Amino acid sequence: GCDWIQCTQCKIEICWPTQGPRWGPKGRGDTSGGCRCRVDNGKLCVPNCQNCH
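Note that the sequence shown ends on residue 523 in the numbering used here; no numbers are left out.
Since the hints were derived computationally from the structure, they do not count as laboratory data. The structure displayed is predicted, hence computed values, not measured ones. Beta carbons: idealized from backbone N, C-alpha and C, even for Gly. Any given hint could be a false lead.
Distance windows between CB atoms, simulated [said to hold, decoys possible]:
id : residue 1 : residue 2 : range
1  : 500       : 475       : 17 to 23 angstroms
2  : 517       : 478       : 25 to 31 angstroms
3  : 510       : 478       : 18 to 24 angstroms
Go ahead and model the full structure; you've got the sequences and the hints to work with.
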């Protein structure tokens, strides 16, 4: 299964397990916010993340 979806209207990327944004306020690649999956030493956003993002 995939843990990432994108809104067809606004194109925001959403982390499904956390039900929040995938990236920070500056958009794709901004790791200052969002779910931070694999940003901190490879730590997943949730233990059962399928790492689709």
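Each hint tested on the structure:
1. 500 with 475: 17 to 23 angstroms: Once the Cβ atoms are compared, 18 angstroms apart, the range 17 to 23 angstroms for residue 475 and residue 500 holds.
2. 517 with 478: 25 to 31 angstroms: 29 angstroms, holds
3. 510 with 478: 18 to 24 angstroms: 30 angstroms, violated
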